[in-house]
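Engineer: What follows is the residue order along each chain.
There are 4 protein chains.
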Amino acid sequence: MAMTGVLRPGHAQIRVMDLEEGVHHYRDIMGLVETGRDAQGRVYLKCWDEMDHNSVVLRQADRAGIDFAGFKVLDKATLEKLDADLRAYGVKTERIPAGEMLETGERVRFQIATGHIIELYAEKTAVGNGCGLINPTPWSPDTMRGMAPIRLDHMLLYGPDIAAVQKLFTEVLGFTLVERILNPEGTGSIVVFLSCSIKSHDIAFGEYPEPGKLHHCSFLLDSWDHVLRAGDIMSMNNIRVDIGPTRHGVTRGCTIYAWDPSGNRFETFKEDRHPYPDHEALTWTFEGVGQGGGLDYVQRKLHETFLTVVS
Amino acid sequence: MAMTGVLRPGHAQIRVMDLEEGVHHYRDIMGLVETGRDAQGRVYLKCWDEMDHNSVVLRQADRAGIDFAGFKVLDKATLEKLDADLRAYGVKTERIPAGEMLETGERVRFQIATGHIIELYAEKTAVGNGCGLINPTPWSPDTMRGMAPIRLDHMLLYGPDIAAVQKLFTEVLGFTLVERILNPEGTGSIVVFLSCSIKSHDIAFGEYPEPGKLHHCSFLLDSWDHVLRAGDIMSMNNIRVDIGPTRHGVTRGCTIYAWDPSGNRFETFKEDRHPYPDHEALTWTFEGVGQGGGLDYVQRKLHETFLTVVS
Amino acid sequence: MAMTGVLRPGHAQIRVMDLEEGVHHYRDIMGLVETGRDAQGRVYLKCWDEMDHNSVVLRQADRAGIDFAGFKVLDKATLEKLDADLRAYGVKTERIPAGEMLETGERVRFQIATGHIIELYAEKTAVGNGCGLINPTPWSPDTMRGMAPIRLDHMLLYGPDIAAVQKLFTEVLGFTLVERILNPEGTGSIVVFLSCSIKSHDIAFGEYPEPGKLHHCSFLLDSWDHVLRAGDIMSMNNIRVDIGPTRHGVTRGCTIYAWDPSGNRFETFKEDRHPYPDHEALTWTFEGVGQGGGLDYVQRKLHETFLTVVS
Amino acid sequence: MAMTGVLRPGHAQIRVMDLEEGVHHYRDIMGLVETGRDAQGRVYLKCWDEMDHNSVVLRQADRAGIDFAGFKVLDKATLEKLDADLRAYGVKTERIPAGEMLETGERVRFQIATGHIIELYAEKTAVGNGCGLINPTPWSPDTMRGMAPIRLDHMLLYGPDIAAVQKLFTEVLGFTLVERILNPEGTGSIVVFLSCSIKSHDIAFGEYPEPGKLHHCSFLLDSWDHVLRAGDIMSMNNIRVDIGPTRHGVTRGCTIYAWDPSGNRFETFKEDRHPYPDHEALTWTFEGVGQGGGLDYVQRKLHETFLTVVS
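Chains as they are written, first to last, in my numbering: chain A, 180 to 490; chain B, 180 to 490; chain C, 180 to 490; chain D, 180 to 490.
Just chain A, same shape as in the assembly:
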């Protein structure tokens, strides 16, 4: 197989402080599809073009943030192999039984140096995108609501010791370093962008003293026009916007950063680069991320919230 191992970020369990407010945000304003609720009260949603049952899971809690991020792997054999590889590498893993999340198979769970809980799984029920499998339509008016993101694209997680996490993701999980932002001294990375595909990032990590923090979950849009449309919808719904619309120099992607009602940052993102593992990684100096346009290519300034505000 040419596309093997870890396929993509498949689910993220997000903590919201008021469940119905959170559902209103992700389902009614952003336009995700609610696909189920479980006995624990968790609400499951998916983006319209995702085939699998869920990608965003909301859990009511007394503080915002991310419980865990799950990656779908190619198949059960891959799951077993990666579990063995993780254990061989010295990572303690545990099994979450199939069905603990709705329509989701057994998960291999482990904690990484940044404090985040990461999961791998091979099975999640395909429910389709509403376009059919025979002579499919390109999109469906029924599933196009709100900002109508295409998929959960990636996450940026903040915590300590991202160097260890980069090593784990590249050496064990098969990710490639696509871009990185250096610390002011140029001696190490403060943000690393890692891909397991030809996306500019499937996951990214930022160095931060406190473990387990969520910088943002990113949702893919099809065009820069749709990024503005998302911005209009944010404004119409009094969503707090952090940065954008603008282009990131890093990844070249087009972006708006904003916050859900609980303070979890999310991104509406238009991809604009398709790196391959044989491409050399791109480097941003610390000055480059600000004045060099890495964060905000048009304005060439460092919005302080980028480095400091997480959930």
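Take the hints with a grain of salt, since some may be wrong.
For each label pair, taking beta carbons as the anchor points, the in silico distance ranges come out as [what the hints assert, rightly or not]:
1) A:A305 / C:P363: 57 to 63 angstroms
2) A:G215 / B:A240: 58 to 64 angstroms
3) A:A343 / B:A263: 50 to 56 angstroms
4) C:K255 / D:A277: 36 to 42 angstroms
5) B:E364 / C:E389: 21 to 27 angstroms
6) C:N417 / A:G215: 31 to 37 angstroms
7) A:G215 / D:A460: 57 to 63 angstroms
8) D:T484 / B:G309: 47 to 53 angstroms
9) A:T304 / B:E259: 35 to 41 angstroms
None of these hints come from the bench; they were simulated from the model. By construction, the Cβ of each residue, glycine as well, lies at the ideal position given by its N, Cα and C atoms.
Given chain A, put chains B, C and D in place with the hints provided.
Structural biologist: Relative to chain A, chains B, C and D alone:
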């Protein structure tokens, strides 16, 4: 690795009947970058955002068509393994020594049932996209000329026995069947779309009695606006247009099909789907490709040239 | 006043052969807003961003076509003056009393050489676009449905003696000739594009032996992306498409021509030129409208339906 | 005539502190076409799609700002009538002879309450847009450089007593009030947006204690994609950006504000509203311009520079 084995279509050697006319077309009108000419007189070009030295190679000949299509693989070990796998599968392979093509390493060459020559290679000199590797620019005015395609995206090749070719590409080379068009009886496929990544196709094959034919080489554009811009440029340069601008139902992509001066069809294409190997393949009935909008989603008609005109 | 006299095409009464089928087409598929029905059974609709009560009026009849086209003028004094000017020019006018159309003031009606009924009026109740007048929103999700055209943009009407009509519109009604298509001999125009503003056309006329025919009503969209979206929606609803998506050379506008269920052609159109009355008119030769790209700039061909199919 | 009187802003004479630096900015980076230099050393430029000889005139001076803004009127009779109307209204006018500006006819010049010099003129040599007048191309690669604005769209001028200026422009020059921003007390306007066409503004005025100040000259782009492209080009050329890319709530237009090397603010602007004189004016409260999204619809914040930084 999550992105392993065969990475992407890396080069296509295209026959043109007048070399300078062909160079004018691909370099000056389409906007590819000329990167070299070799002792045989072949002209090497690349799309602006491709990192490697070349992707389109033009050879003067007395008839149009494609000499061979090459796929870049992850590394030399992968090349050796795939060569062994091909031989084990019963495919006769030969080695083309490094340097036979400019800035390109050793190639493993073999012929497939449709009569096409396919190559695998692991090495091609990275020359970059003109944006730099440290604090890179998102694009470079110097490299943005003409239609300014981002990359050689895929090819559609016509020849006999695509079922055998599909089997080879999926069982040995790790490709996934993403979409297929059925014959009128529904008993088999007349076109298959195969991906080794999360592109809607890295290669496609159409059933055709004559072997080794080229239906089109496709070049990626960033947006539907750029597809129109490409169409304007075609018109300004009296390029013969076959179909479009429109949306394909198949792959959802936005397209114009047109011909180079030698009669090789090319496509300017905007991708709009990102399938994964765990997604079920989509099926188009024979009627679906015409009236069902598979070829021309807006017009829902079967342009006869699609099935009959090749080079 | 700088913008005086005739302001814009304000309403068109279209004949449909099945009223509810017509309403379904214009309201549910195209996305116009139904604003009323009158005692005669006529259905009134408007585009989302139009401020006045109606722009498209559907009347059930046993054949398709256009009953009349109405232009809004600046004010009642202008209406009186233009009526007097028309009479002085030798045009017989009649008055249709206020209220004969819903929410519409008195109309001055007259027939032109091409056989069409033209109306002028100064008053139509402003109902707004749903965005408010104080701190307005840029658009409203409630009013964005279907193809969501912004406004009735222009009409192309076919009939005999367009030279006389051009003279009337330019000499009496203050329109400017913006573009024209010459007959094969180059001795006269077969289509003239006339503007009373800085639009590339507010009305156009094509030479045709039969009087009073409708070539198309055109609806404005904001972008080329929206033109494709309209094309997708046409396809999803099995609307017969005539031409496009493509760019017209004439007016530079981006277009799809299609037919409503009764056979009235309509256009979804993206404007791309803003002529002024001091600009010299542009000329298209007869060959220019076909091979020169006047009709279909990308394909440079003359779709025969353009000259022959009307309602 | 339906489009009569004052047609559009036709020229602006801008002061730059280093002429060649200014020419580099407007010609090489923004992409205007240099059309001439006069004996005074002034440099004349036009946008690619403007037909007349010049729209931006650069004059070297020891401080930035605007010398005068000129409006093209329909014809010489209109010029005479407007001069007479101005004098009747109590405005002192003077005549600048034809030829004082290159390729420009006689100008009627007067000063308005805000301290700005305004001119009217009827004649400026048509040099065309490079697309031809017979079977024209929609655009020309030769004229598409840099940000490639379509036209000088409007200006926002700051000075005292905009109420008097609004009265003059609407009562004498035929402009319509399209939108206005109220002062905090709601007792008067602090910015007024005036149109002589169906543009959302041909000129705007902001209340400011110091007379004769330039807030910005605005240049029209065709799409939101082109606004981002302009932003990329600004970044590549280290142009200081003030606000954007974003949408203005006021006018709905899409925008980036930035500064030329002398500190004159300019805007790259995508129009998104087409008001008519019969439409009711839109009102923005003082809070509405900030938190209400009037200035920055996505971010809903008042960038202080909007009210305070002028040249």
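Engineer: None of the hints should be skipped; say for each whether it holds.
Structural biologist: Each hint tested on the structure:
1. Look at A:A305 against C:P363: about 59 angstroms separates their beta carbons, and that is inside 57 to 63 angstroms.
2. A hinted range of 58 to 64 angstroms for the beta carbons of A:G215 and B:A240 is consistent with their spacing of about 60 angstroms.
3. Distance hint for A:A343 and B:A263: a CB-CB separation of about 36 angstroms, inconsistent with the stated range 50 to 56 angstroms.
4. Remark: the range hint 36 to 42 angstroms for C:K255 to D:A277 is upheld by a beta-carbon distance near 40 angstroms.
5. Separation of B:E364 from C:E389 is about 47 angstroms and departs from the stated range, judged on CB atoms against 21 to 27 angstroms.
6. For the hinted restraint 31 to 37 angstroms between C:N417 and A:G215, the CB-CB distance of approximately 34 angstroms keeps it satisfied.
7. Between A:G215 and D:A460 the beta carbon distance is about 50 angstroms. The supplied range of 57 to 63 angstroms is therefore violated.
8. A hinted range of 47 to 53 angstroms is violated for the C-beta pair D:T484 and B:G309, which are about 34 angstroms apart.
9. Roughly 39 angstroms separates the CB atoms of A:T304 and B:E259, a value that falls within the hinted 35 to 41 angstroms.
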